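Asker: Sequence:
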Amino acid sequence: MFKWKDEFRLGIDDLDEQHKKIFDIANEAYELLKNEFYYDKYDRIVEILEKLKDYARFHFSYEEDYMQSIKYKDYLSHKAAHDNFIDKVNSYDLDAIDENQDQYILEILDFVIDWISEHILVTDKKIVAG
Numbered sequence: 009m010f011k012w013k014d015e016f017r018l019g020i021d022d023l024d025e026q027h028k029k030i031f032d033i034a035n036e037a038y039e040l041l042k043n044e045f046y047y048d049k050y051d052r053i054v055e056i057l058e059k060l061k062d063y064a065r066f067h068f069s070y071e072e073d074y075m076q077s078i079k080y081k082d083y084l085s086h087k088a089a090h091d092n093f094i095d096k097v098n099s100y101d102l103d104a105i106d107e108n109q110d111q112y113i114l115e116i117l118d119f120v121i122d123w124i125s126e127h128i129l130v131t132d133k134k135i136v137a138g
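The numbering of the sequence shown is the numbering used here, which starts it at 9 and goes up by one.
In case anyone wonders, no lab produced these hints; they're calculated from the structure. Computed from a predicted model, the values in this text were never measured in an experiment.
Listed next, the in silico DMTMM-like pairs over lysine to aspartate or glutamate satisfying Cα-Cα at most 25 Å (straight line):
(1) Lys28 x Glu72
(2) Lys61 x Glu36
(3) Lys81 x Glu15
(4) Lys87 x Glu25
(5) Lys87 x Asp73
(6) Lys29 x Asp91
(7) Lys42 x Glu55
(8) Lys96 x Asp122
(9) Lys61 x Asp21
(10) Lys11 x Asp21
(11) Lys81 x Glu25
(12) Lys81 x Asp22
(13) Lys49 x Glu115
Label pairs and their in silico Cβ distance ranges:
(14) Asp122 x Lys42: 15 to 23 Å
(15) Asp24 x Asp101: 28 to 36 Å
(16) Leu84 x Phe45: 43 to 51 Å
(17) Glu107 x Val130: 28 to 36 Å
(18) Asp103 x Asp32: 22 to 30 Å
(19) Tyr74 x Phe45: 37 to 45 Å
(20) Met9 x Asp73: 28 to 36 Å
(21) Lys13 x Lys42: 15 to 23 Å
(22) Arg65 x Asp21: 18 to 26 Å
(23) Lys42 x Val136: 29 to 37 Å
(24) Tyr100 x Val130: 19 to 27 Å
No residue lacks a Cβ here, since even glycine has one placed at the ideal position from N, Cα and C.
Produce the complete structure using the sequences and hints provided.
Answerer: Shown next as structure tokens:
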């Protein structure tokens, strides 16, 4: 459902490849939501959240190092957005997820889609704009 398009490209190959991973995670969540054969999706939701955490740790560290290497002027506000992403992913209540699994998959999808459209398309584009 979520397809990488040229409009998401920053032109920095490593960052672009890393950004594609969040599309993979979004697609995995979407497929899980639509899969009627999984009665209990809890373990898969937890796996998706772990993938988001791993993605954030690796990608944000790389991107922040890159921003520092080019002396990016908005580094601190950009890092704050990354920290907010991590806080959000860590804030999911696993007990609540177990009670209403599809609702939480939708919430995770909304969060990731918003991140793609707002952070990658707007905030990250500023890195290459100067």
